[in-house]
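Protein chains: 2
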Amino acid sequence: MEITSKLLGKAVDEVSQLPGIGKRTALRLVLHLLRQPKARTEKLAEALTSLRSGICRCRECHNISDSERCEICASPKRDRSLICVVEDIRDIMAIESTGHYRGLYHVLGGKISPMEGIGPQDLQIASLVERVRDGGVRELILALSATMEGDTTNFYLYKQLEGVEVELSTIARGIPVGDDLEYADEVTLGRSILQRIPFEGSFKGQDR
Amino acid sequence: MEITSKLLGKAVDEVSQLPGIGKRTALRLVLHLLRQPKARTEKLAEALTSLRSGICRCRECHNISDSERCEICASPKRDRSLICVVEDIRDIMAIESTGHYRGLYHVLGGKISPMEGIGPQDLQIASLVERVRDGGVRELILALSATMEGDTTNFYLYKQLEGVEVELSTIARGIPVGDDLEYADEVTLGRSILQRIPFEGSFKGQDR
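First to last, the sequence lines map onto chains A and B. Position 106, counted from 1, in the first sequence is what the UniProt record's numbering calls 106; the numbers after and before it change by one each time, with no gaps. Position 19, counted from 1, in the second sequence is what the UniProt record's numbering calls 19; the numbers after and before it change by one each time, with no gaps.
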């Protein structure tokens, strides 16, 4: 594709630097904007600029937030004795949309991965340990990915919190609701048998 | 997905109004921007804004252009007696990247489609007829889609140009280079037989 317009070329270049967007898609998106009223593009550009300049991290849980303290941390309705540890703010959104959790969060910003050169010092681990040490936290729910890196991070957190009085739990691993047993992988199926729960408990699913 | 940050929510809303981009993808793109240096977002926003404010349509061929007259129309190397009629500026880019065309273009801005409510007056047909009437044009190559709407538009143009001295041609329809005959659809295969060309001609493919 030859783009003769410099303005168009530059816009396509910038858009195609977004992840998963190639030159062709970028061109399609930019041409779409050109067909729309000018205000459309201005609103988009304005939303991105003000997002980037206005947004900050919650000083308590590191969730992204419009103010110093995020809505969840600031809410009086939340159970402050419960902290769910997640990798990314997208995990917060996912858990929030279940409607089954009423505690606080702590965003690590990733997981320990020697392969990618991410060590404990690159994550919000020290501030988590501090939060727990400050007291008032009854339980820490580790909700990291069910991968080797997730397990490594879980274990590192466990070691860091040795001697601190707090209950540690991890979210349940098992067969997804609605899935056929025959399509489940062996590891998941194996864990779901080893970590089976009393039959009566399976009905409850009490909100925390 | 619950987005508690208003700034983030607004940015995701704006991005997800782009075609083919849903809420989830928009969120992924916006979070990517948040992880990048601030200048990245500013450059993207700036490129989009200056594109929208700076770009215009070439007054001759209606190609998008940074100036009143596009690079192709302004080039002294182009054969001004040849005009290729296309629907969209993307078709110009596609034809330009073949490197086999040295004439000018005319962008209609679509094709006649009663179903979508697009009539001849919505397209740059009058200005094309004017360009041809002004003289100096030897041949008009119709390079519209091989659809019913494309054929309708071709026929309309043909009727509009009755009595005007200009050669009309359409781009060749046939089996794509590299394709197996058995996978070609019947209409294309039928046309490729009816509109067969002399064997010697098939080697030439002379640039126009």
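Honestly, the hints are just simulated from the structure, not real lab data. Some hints here could point you the wrong way.
Stated by the list, open to error - SDA-like cross-link-like pairs, simulated, lysine to any residue; straight-line CA separation at most 25 angstroms:
1) A:43 with B:56
2) B:159 with B:178
3) B:23 with A:109
4) B:6 with A:60
Claimed, not checked - Across the chosen pairs, the derived CB separations fall in these ranges:
5) B:116 with A:42: 50 to 58 angstroms
6) A:42 with B:126: 29 to 37 angstroms
7) A:24 with B:69: 22 to 30 angstroms
8) A:24 with B:71: 16 to 24 angstroms
9) A:42 with B:94: 47 to 55 angstroms
Glycine included, C-beta positions come from ideal geometry on N, C-alpha and C.
Hints, one by one, checked against the model:
no.	hint	result
1	A:43 with B:56	20 angstroms, holds
2	B:159 with B:178	36 angstroms, violated
3	B:23 with A:109	22 angstroms, holds
4	B:6 with A:60	19 angstroms, holds
5	B:116 with A:42: 50 to 58 angstroms	27 angstroms, violated
6	A:42 with B:126: 29 to 37 angstroms	31 angstroms, holds
7	A:24 with B:69: 22 to 30 angstroms	27 angstroms, holds
8	A:24 with B:71: 16 to 24 angstroms	21 angstroms, holds
9	A:42 with B:94: 47 to 55 angstroms	30 angstroms, violated
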